[in-house]
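Residue numbers (this note's numbering), protein chains in the order written: chain A, 1 to 779; chain B, 1 to 779.
Derived by calculation from the structure, the hints in this document are not laboratory data.
Model, not experiment: these values are computed from the prediction.
Don't take every hint at face value.
Mimicking DSS-like on lysine-lysine, the simulated pairs with C-alpha atoms at most 27 Å apart in a straight line are [what the hints assert, rightly or not]:
#1 A/Lys658 - B/Lys756
#2 A/Lys309 - A/Lys30
#3 A/Lys506 - A/Lys640
#4 B/Lys750 - A/Lys658
#5 A/Lys750 - A/Lys506
#6 B/Lys658 - A/Lys750
#7 A/Lys658 - B/Lys740
#8 B/Lys640 - B/Lys750
#9 B/Lys506 - B/Lys658
#10 B/Lys756 - A/Lys756
#11 B/Lys30 - B/Lys105
#12 B/Lys658 - A/Lys740
#13 B/Lys640 - B/Lys506
#14 A/Lys658 - A/Lys750
#15 A/Lys756 - A/Lys740
#16 B/Lys105 - B/Lys256
#17 A/Lys30 - B/Lys756
#18 A/Lys750 - A/Lys740
#19 B/Lys740 - B/Lys750
#20 A/Lys105 - A/Lys506
#21 B/Lys30 - A/Lys756
Short, incomplete list of chain B residues facing chain A, as computed with Cβ under 8 Å [what the hints assert, rightly or not]:
#22 Leu39
#23 Thr40
#24 Pro41
#25 Glu42
#26 Ser121
#27 Ser122
#28 His129
#29 Asn311
#30 Glu415
#31 Arg430
#32 Gln535
#33 His695
#34 Asp699
#35 Val765
The beta carbon of each residue, even a glycine, is placed where N, CA and C say it ideally should be.
2 protein chains.
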Amino acid sequence: MNTLGDEEVARLDAWWRANNYLTIGQIYLKDNPLLRRPLTPEDIKPRLLGHWGTSPGLSFIYAHVSRLIGRTGQQAIYLAGPGHGGPALVAAGYLEGTYSEIYPKVSLDEAGMLRLFRQFSSPGGIPSHVSVTTPGSIHEGGELGYVLVHAFGAVMDNPDLLAVAVVGDGEAETGPLEGSWKGISFLNPARDGAVLPILHLNGAKIAGPTVLGRKDPAEVRSLLEGHGYEVLEVSGSDVPGMHHRFAATLEEAHGKIRAIKEAGWTGARPRWPLIVLRTPKGWTGPEQVDGIQVTGTWRSHQVPLAGVKENPEHLALLEQWLRSYRPEELFDDSGTPVELVRSLAPAGELRMSANPHANGGLLTRDLVLPDFRKYAIDVPAPATERAESTRRLGEMLRDVYRDNPDSFRLFCPDETNSNRLGAVFDVSDRAFAERVTDADVSISHDGRVMEVLSEHNCHGWLEGYNLTGRHGMFATYEAFAMVSASQTVQHGKWLQEGDRLPWRAKVPSFNILLTSTAWRNDHNGFSHQGPGLIQVVLTQRGDIARVYLPPDANCLLSVADHCLRSRSYINCIVIDKQPQLQYLDMDAAAEHCARGAGIWSWAGTDDGSTDPDVVLACAGDVVTMETVAAAQILRERLPKFRVRVVNVVDLMTLPRRKDHPHGMSETMFTELFTDTVDVVFAFHGYPGAIHQLVHGRPDADRFRVRGFIEEGTTTTPFDMTVRNRVSRYHLVMDAINNAKRLPPGATELKEWCERKLAEHAEYVVEHLEDMPDVRDWSL
Amino acid sequence: MNTLGDEEVARLDAWWRANNYLTIGQIYLKDNPLLRRPLTPEDIKPRLLGHWGTSPGLSFIYAHVSRLIGRTGQQAIYLAGPGHGGPALVAAGYLEGTYSEIYPKVSLDEAGMLRLFRQFSSPGGIPSHVSVTTPGSIHEGGELGYVLVHAFGAVMDNPDLLAVAVVGDGEAETGPLEGSWKGISFLNPARDGAVLPILHLNGAKIAGPTVLGRKDPAEVRSLLEGHGYEVLEVSGSDVPGMHHRFAATLEEAHGKIRAIKEAGWTGARPRWPLIVLRTPKGWTGPEQVDGIQVTGTWRSHQVPLAGVKENPEHLALLEQWLRSYRPEELFDDSGTPVELVRSLAPAGELRMSANPHANGGLLTRDLVLPDFRKYAIDVPAPATERAESTRRLGEMLRDVYRDNPDSFRLFCPDETNSNRLGAVFDVSDRAFAERVTDADVSISHDGRVMEVLSEHNCHGWLEGYNLTGRHGMFATYEAFAMVSASQTVQHGKWLQEGDRLPWRAKVPSFNILLTSTAWRNDHNGFSHQGPGLIQVVLTQRGDIARVYLPPDANCLLSVADHCLRSRSYINCIVIDKQPQLQYLDMDAAAEHCARGAGIWSWAGTDDGSTDPDVVLACAGDVVTMETVAAAQILRERLPKFRVRVVNVVDLMTLPRRKDHPHGMSETMFTELFTDTVDVVFAFHGYPGAIHQLVHGRPDADRFRVRGFIEEGTTTTPFDMTVRNRVSRYHLVMDAINNAKRLPPGATELKEWCERKLAEHAEYVVEHLEDMPDVRDWSL
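Sequences are here, hints too, so could you generate the full structure?
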């Protein structure tokens, strides 16, 4: 069955051959790019890097999607799951002209081609994988498993967009990828765009066969149908037969997608199409090398001919391989791709390498944000009222949802209500395309609040949503943010690199809300207690990493407003959801957050006229309460003892400015912490974080940090602070032990604290006998 | 169809009712455990914690598996994926008598029952989830998604073991769980035991419906059949009908498993059975509360009657609910379970709560280890030879495999060869139960090397293997260890807690080999460059966390030997796989590793008679090479400058002993680092790690740390060190800048270094033009 006319086949095949030629050139050649003379060892790069095996499949698909776009005008972006096939995607952008538009030195002629080859995987050049530098990409080809989450995030609220997502059979083995097929269970055909997954089974990964590559095709089909897809299959390596069959299948899939979208929501989740494409790994490459089969096996994964520089036979094979694409038909005398090749590309921004959805900063509009002050909690006096701080944030997010009906979403693993953000359900349901019953609450195909019990999906969807220019927040239990920590790392790397590319417009920041924190997972126990993500964010570069620990609701509102306005950061906001003391009225909160840290003179006994006896510093809600309580004990029981209380909201004010742009000035640091007085620092996270942040500050050794030291279980909130030695009594004793000048009564006060802690220990032991109300842990 | 006799139904149902009664008692009661008098508000706990929704399903399954064990003598362990149903598993151990054997105060009478109730989710008591304290468990019920990986790891090389793994429909949404169904593709029916997954669909999670719970059952079946299972289904809530149907289905599944195992390997992956069990969430609980449906909905997830202490109607409902189980039939006058209930339990160690496989330390035998010295590299002089260090480790692991044919496995995401550990294939193939072709190499159903492109599977399988008493190693690209970082955290928590329970015998350590490190992923680029896992391990308690950075092959062998002998630690070993300089002969290496850190006098110019001018310290292979090179430059060009080189292998020697048991003594610290001389520390990982570790050591401010500062791309190895400012030239300049006493020529040397770096920068810029051999980066 011939779907295509001869000219179409010729065009597709020419483009594909040109792409393969350029791919191999990038891996091997540092000279003689057009093979105007026989290949010599001197033409070969000193170090052969890159991944051939997946590349011809990636470019084959790319060519056909380009043809489809040309015929239909479909808005489409291309996500290469096996992004180690970087050279194929770079070559695609080059053949479409986009590459030269962005990087003029890589021109569409012989000199440019030589530069294209030399820059690949070279110092001063470009990375070997699909990366931030690759036009048309929103998906880094390094860590595998996230191609579908990025694709689904990209099409949410993008009704006209098609995300073609190639899934490699290696990455199909990863947990995150297997967990991401279910994206269609959350997609609304009327409001969202479409993802077309193409499962590209070439049968092998780095060193052996793959599970899906070796399963009975009927099992693979059953699996994907079970996920809810209509499975279309194309297999083979014959050309032009494969062109005809794949073109027909792609048109069929696109037709089904159009029909689904035209039908809109029909009351049941559509069966979206999915293509399984089976081609040999390293397709069109050298069949055998040194008598051993290479094509179709794991041996073609990277550089199939490794010895070309030393081995004349290998060199000859390489030349034969390169010439098999007939470069003389594909590039003219000046090295420019001929019209037959160039004419496959769609026009302008329809080229997948130039689609603005893949440079989402171009499409980013500021959020319509309400005045955060209107959600303020009235705080007539510090530390007197209790409130659930995140509930106020929920009210603010409700209005953000309302006012940005197609450019803001909240992503949360089944915990929106639990995290007290449920006000958003006043204006939007949870998204769900599976069956809904009358008994269900706030859930429908129309919903735009994203809840799935998968941090990987939530994180990845928001990344895709951000990178296509829309805003959002990922709210999760603090401990379980570690589930997707690697995604935080990799997305951070993307933002860091994007920041250095002038043509990449800044995208909305990735906002993480860590709630249900270690200190208040007293009811869930040790597995739920872990402030590890802060440590992870601290490893990222200062140009993108931000950590905020608002102590109360008004500070949270101010911080959230700031984060939702920012671009291209990783913003990590940490605050618990339980009722907690409120300290600052809105004016004070806004000022405090703008400074990032400040003295709370109302909490201490330091009149500011001279250095205090000790500084009690704190960052994080629960430890701030303990610090304020400790200061109160000291104020009442040692009134002559001069205690200064410093609260830190923006953790990145602590390092020196040369280490982080938020770092406070030396003057301000001295104003807060003095240069010599000991600082007892109660920190929400692991104590080491503060030690590393204050390194290089005047006499950093004087900072004694208390924090989470991996002591936890199901217990009471106060017991959590005792177990981790950051309770008010510990802080009082620390203050006394570290002060240089002690007033009378200090020794007695220490003894009093020790008694209090002994009473608590007895209470815990006896608790099983008398069970008093363990909720009582006020000041 | 009645599978069961009346007496069997009575026994099963009595046990199940008793379990449900005890579950609710744990959640609610602090007194009146046997309801000898009407319930009063004073009988109710002050704080209601726990998860009811999943519990009746968990205990229903447990009862039936117990019956099966009783009939067949099957060795079985039970893994509760939805382990937030902790009270059901605690009640099971209690009814089986195991609980009282381990915790005598929780006796099998009224006093013990009261203690059982009071201790649950209470300070000084036990956690609310299935946890380390729960006898019979190797699976913590906190972070969801790992039940199948643990189950598969447990049955590897355990041919007689059946792991019954209950998968909740919430956790079935997670990526790690979805990626773990494929465990059967790696299982050998002749050599391994069996996993029986029971997908328990009760339709809801915390706040809404689940994807699998709402899909057409035909789709769910298709999905699971696609994974390769034979799907058996049981649905309903009718009793005793459900007893009959589930018993029949469980027997059918067990029969199929026995048939598969008796057949052994038949040339194709068996279709292992799997049960889909559909019951209402909160089954047997209050149907409605305040006129709103609770049973069968997310509202029954935690505490379905929240107002019992204040609301008399709720209190009455609770009493009615408790009495619906007819406790007077289940417990005798003294509160002891009656014979009908107790008789369901299998005998002795066949009780799932007492099975030694679930307390794997009891079964742990020391590995038969070869003398690690015999794999030594000959090092006639330091820093003259290059070798791939991990290749020697591979040879050692080959012999460990050979000598421990059923108690050691290597787990690695498709990178065993890439990581130079391929010698293991001399004695074992990769495990694979899918189709194998003639062209495949080192892969078969008989293989025991575990390769799957999923860090989650590798990590989880090894956890399950370890916790059932066997040894192993997880080898992975350093950057991608972050994919499973949360598993490292959670397994660490398990080991930390287990260490405090005398009845839990110590299990083999979890050994992580981080190779293909940041510094030598110059060929793969930024996504592959990230030493983040060290930061994660540093957050764990000193009683279990260990980080080793052997600088060369002989040190690696010594460290590996030590780790393979150790118990109940997380051992993180970091070393690259590329050819690298070798420093120490085997005697010196063994001594160096035993001390954990030491002065390399051959590298420096410090004669030891007095304090040096500067200390150059290092930890990690590449940075050690740069440090040695820097010292050589200083030795040659500033011979009067006294430089001391200190190498650290065991990172945990740096903190004070009070912070970590490996912390070196104050005397040794001063001997190595002096008390006052500045230390330029070149570290493999993020610099902040060293700052946090040396906190509290004499004048910690004098430590200037260079390390990985998130600068990377595809480039040369040397350029990686330049980008991160840890190159030999940077270290020389740092040494000069920080030394207190400078000999003549120091300024000139700094200028020379700056010239060298400028030349390098030019080289990178010009590289695309001339492309010299970038592999040249010797000393």
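Here is what the structure says about each hint:
Distance restraint check for lysine 658 of chain A and lysine 756 of chain B: the Cα-Cα separation of roughly 24 Å lies within the 27 Å cut-off, and the hinted pair is therefore satisfied. Proximity of lysine 309 of chain A to lysine 30 of chain A is assessed by CA-CA distance (about 12 Å); at most 27 Å being required, the pair is judged to hold. Note on lysine 506 of chain A and lysine 640 of chain A: the hinted pairing is violated, with a Cα-Cα distance of about 53 Å set against a maximum of 27 Å. Straight-line distance between C-alpha atoms of lysine 750 of chain B and lysine 658 of chain A comes to about 22 Å, which keeps the hinted pair within the 27 Å bound.
Taken as a hint, the lysine 750 of chain A and lysine 506 of chain A pair is broken in the structure, with Cα atoms around 53 Å apart against an allowance of 27 Å. A threshold of 27 Å between alpha carbons decides the hint, and for lysine 658 of chain B with lysine 750 of chain A the separation of about 22 Å falls inside it, so the pair holds. For the hint linking lysine 658 of chain A to lysine 740 of chain B, the alpha-carbon distance of about 24 Å falls within 27 Å, and the restraint holds. Taking the CA atoms of lysine 640 of chain B and lysine 750 of chain B, the gap is near 15 Å; set against the 27 Å cutoff, the hint holds.
With a C-alpha separation of about 23 Å, the suggested pair lysine 506 of chain B and lysine 658 of chain B falls inside the 27 Å cut-off, and the hint holds. For the proposed pair lysine 756 of chain B and lysine 756 of chain A, the alpha carbon gap of about 63 Å is over 27 Å, so the pair is violated. Between lysine 30 of chain B and lysine 105 of chain B the alpha-carbon distance is near 16 Å, which keeps this suggested pair within the 27 Å criterion. A hinted pair counts as satisfied when its Cα atoms are at most 27 Å apart, and lysine 658 of chain B with lysine 740 of chain A qualifies at roughly 24 Å.
Between lysine 640 of chain B and lysine 506 of chain B, the direct Cα distance comes to roughly 53 Å. Violation of the 27 Å bound is thereby established for this hinted pair. Restraint check for lysine 658 of chain A and lysine 750 of chain A: the C-alpha separation of about 40 Å exceeds 27 Å, so the hint is violated. Straight-line distance between C-alpha atoms of lysine 756 of chain A and lysine 740 of chain A comes to about 24 Å, which keeps the hinted pair within the 27 Å bound. The suggested pairing of lysine 105 of chain B with lysine 256 of chain B is violated, with an alpha-carbon distance near 42 Å, which exceeds 27 Å.
Taken as a hint, the lysine 30 of chain A and lysine 756 of chain B pair is honoured in the structure, with Cα atoms around 26 Å apart against an allowance of 27 Å. Under the criterion of a C-alpha separation no larger than 27 Å, the hint pairing lysine 750 of chain A with lysine 740 of chain A is consistent with the structure, at around 15 Å. In summary, the hint linking lysine 740 of chain B to lysine 750 of chain B is supported, as the alpha carbons are separated by about 15 Å, within the 27 Å threshold. Taken as a hint, the lysine 105 of chain A and lysine 506 of chain A pair is honoured in the structure, with Cα atoms around 24 Å apart against an allowance of 27 Å.
As the CA atoms of lysine 30 of chain B and lysine 756 of chain A are separated by approximately 26 Å, the hinted pair is consistent with the 27 Å bound. Annotation: interface hint on leucine 39 of chain B violated; nearest CB of chain A at approximately 16 Å, more than 8 Å. Because the beta carbon of threonine 40 of chain B sits about 14 Å from the nearest beta carbon in chain A, more than 8 Å, this interface hint is broken. At a threshold of 8 Å, the smallest CB-CB gap from proline 41 of chain B to chain A is about 12 Å, leaving the interface hint violated.
Contact between glutamate 42 of chain B and chain A, as hinted, is not supported at the beta carbon level, the nearest pair being about 10 Å apart and thus beyond 8 Å. For serine 121 of chain B, the shortest C-beta to C-beta distance to chain A is roughly 5 Å, which falls under 8 Å, so the interface hint holds. At about 6 Å, the closest approach between the beta carbon of serine 122 of chain B and any beta carbon in chain A falls short of 8 Å, and the interface hint on this residue holds. For histidine 129 of chain B, the interface hint holds, since its Cβ comes within 8 Å of a Cβ in chain A; the closest pair sits about 6 Å apart.
About 17 Å separates the beta-carbon of asparagine 311 of chain B from the nearest beta-carbon of chain A, more than 8 Å, and the hint is not met. Satisfaction of the interface hint for glutamate 415 of chain B is found here, the shortest Cβ-Cβ separation to chain A being roughly 7 Å, below the 8 Å cut-off. Interface restraint check: arginine 430 of chain B against chain A, minimum CB-CB distance 6 Å, threshold 8 Å, status holds. About 5 Å separates the beta-carbon of glutamine 535 of chain B from the nearest beta-carbon of chain A, less than 8 Å, and the hint is met.
A distance limit of 8 Å between C-beta atoms decides the matter here; for histidine 695 of chain B the minimum to chain A is near 4 Å, and the interface restraint holds. The interface hint given for aspartate 699 of chain B is met, as the beta carbon of that residue sits about 7 Å from the closest beta carbon of chain A, less than 8 Å. Satisfaction of the interface hint for valine 765 of chain B is found here, the shortest Cβ-Cβ separation to chain A being roughly 6 Å, below the 8 Å cut-off.
Of the hints listed earlier, those the structure fails to meet are numbers 3, 5, 10, 13, 14, 16, 22, 23, 24, 25 and 29, in rising order.
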